[in-house]
Amino acid sequence: MENSNHYDVIILGGGPAGLTAAIYLSRARLKTLLLTDGTPGGQMTLTHEIANYPGIEKINGYMLGSVMKKQAASFGAVVKGNTEIISFAFEGATKSVTTADGQTYTSDAVILAPGGRSRTLGVPGEDTFKGRGISYCATCDGDFFTGKEIVVVGGGNSALEEAVSLTKYATKVTVVHQFDHFQAFQYAVDEAKANPKISFVMSSTIASFYGDEKLEGVTIKNLDTGEETDFSTDGVFIFIGYVPNTEWLKGVVNINERGEIIAGADMSTNLAGVYAAGDANAKRYRQVTTAVADGTIAAMAAADYLHSLKRR
Amino acid sequence: MLYTNLNHVESAAQLEKIISENENVMVCCGRMGPMCIPVYDIMEELEKVYTHVKFFDMEFDNPEAQIIRNAPLTRGFMGLPYTVYYKNGEMVKATTSIQSMPQVKAILDSEFGQPTA
Numbered sequence: 001m002e003n004s005n006h007y008d009v010i011i012l013g014g015g016p017a018g019l020t021a022a023i024y025l026s027r028a029r030l031k032t033l034l035l036t037d038g039t040p041g042g043q044m045t046l047t048h049e050i051a052n053y054p055g056i057e058k059i060n061g062y063m064l065g066s067v068m069k070k071q072a073a074s075f076g077a078v079v080k081g082n083t084e085i086i087s088f089a090f091e092g093a094t095k096s097v098t099t100a101d102g103q104t105y106t107s108d109a110v111i112l113a114p115g116g117r118s119r120t121l122g123v124p125g126e127d128t129f130k131g132r133g134i135s136y137c138a139t140c141d142g143d144f145f146t147g148k149e150i151v152v153v154g155g156g157n158s159a160l161e162e163a164v165s166l167t168k169y170a171t172k173v174t175v176v177h178q179f180d181h182f183q184a185f186q187y188a189v190d191e192a193k194a195n196p197k198i199s200f201v202m203s204s205t206i207a208s209f210y211g212d213e214k215l216e217g218v219t220i221k222n223l224d225t226g227e228e229t230d231f232s233t234d235g236v237f238i239f240i241g242y243v244p245n246t247e248w249l250k251g252v253v254n255i256n257e258r259g260e261i262i263a264g265a266d267m268s269t270n271l272a273g274v275y276a277a278g279d280a281n282a283k284r285y286r287q288v289t290t291a292v293a294d295g296t297i298a299a300m301a302a303a304d305y306l307h308s309l310k311r312r
Numbered sequence: 001m002l003y004t005n006l007n008h009v010e011s012a013a014q015l016e017k018i019i020s021e022n023e024n025v026m027v028c029c030g031r032m033g034p035m036c037i038p039v040y041d042i043m044e045e046l047e048k049v050y051t052h053v054k055f056f057d058m059e060f061d062n063p064e065a066q067i068i069r070n071a072p073l074t075r076g077f078m079g080l081p082y083t084v085y086y087k088n089g090e091m092v093k094a095t096t097s098i099q100s101m102p103q104v105k106a107i108l109d110s111e112f113g114q115p116t117a
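Here the protein sequences come in this chain order: A and B.
If you're matching positions, the first sequence starts at 1 in the numbering used here and goes up one per residue.
If you're matching positions, the second sequence starts at 1 in the numbering used here and goes up one per residue.
Keep in mind that a hint or two might mislead.
Stated by the list, open to error - Covered stretches of chain B, going by a simulated chain A footprint (3 or more residues, C-beta under 8 Å):
#1 30-40
#2 74-80
#3 91-103
As the list claims (entries may be wrong) - With the Cβ distance kept under 10 Å, some of the chain B side facing chain A (calculated, not the full set):
#4 Glu44
#5 Glu45
#6 Leu46
#7 Val49
Keep in mind the hints are simulated off the structure, nothing from the lab.
No residue lacks a Cβ here, since even glycine has one placed at the ideal position from N, Cα and C.
My request is simple: use the sequences and hints to build the entire structure.
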């Protein structure tokens, strides 16, 4: 098909999985389009410092994403950020994607790399006080809370590591966690417990946020007794994990009960010519390195699929 | 220093001049941080479409940015970036923390009108 809007592969998602797939495919001289609804780099851009990406001692997440984007573009991939997809069709030999600007793109293969987003509590007041005391980024907003008392919600590595880092600013950090134990690695638990500025409220969750012009407090609910207590605080940082951005894919490809895409070892989905890679896939570990690996595999499998089509 | 392709506002006086000379102005006041960068990227995209709006950024830690940090509409803000919108020299809207493309477009459309063609 000779059409300027026809590509060999369309990649949906611009995190490390999508960008890696774009690098591999475009370097293989396959006509590649990457569409993402946000900034290329995905959730990696929210990471202040990445210190465990092999070959690079330390790098800002935005910079790593920016280099990956440049690398993909240098091989000929077309990368379009902040692009809203309004319709798509992945069944059949030719796949199509229509964007909000009225453009329709077609391809012979698709790689889904939609990634995930920060999970929110979804309780009253959360939207109202976002940016007015509620934050999801310690490195961005930590210094607004210098000399103040704050709450950190969550019990994983991010929550406990950020709780420790926020003690640089806050006079007191109260960690509220829904279970009676932490999911974080032991080193993070030990470091948080050893910090005299940090205290813990276990088996509890935030039932609501209250305040006037800005956040003034939270209602903490004890999940064992049901008792609710008002707790004055200047700020709340929420680190309760991620949810996959797959709502739009329900009924399109196979998705499990957690909303994760079910893909094979070669990243293939249940649809011919449709592959999935990155944090939205059903898997245990989610790191930049695992997303990069997924993106590599998906790209190579998609390239094999395209070659098999040509051999027919 | 903000490493964006937007035009930068360096001083309060410069901002006063910009909003007195342009009917519709959007300014994102932030750092090169994870919540701010996506908003700069959105502005760079929209700059090509909303030609009746002038887009700028301003460094949050520049002391001159107090003109935005201490504005009545940004009172109570505790999340970067502070994004402000001026109509005929008056700040008419302000948001705090990261914003999505649809959120920014909704404000631009309601405050400044949709782009023509």
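Hint numbers not upheld by this structure, sorted from lowest to highest: Failing hints: none at all.
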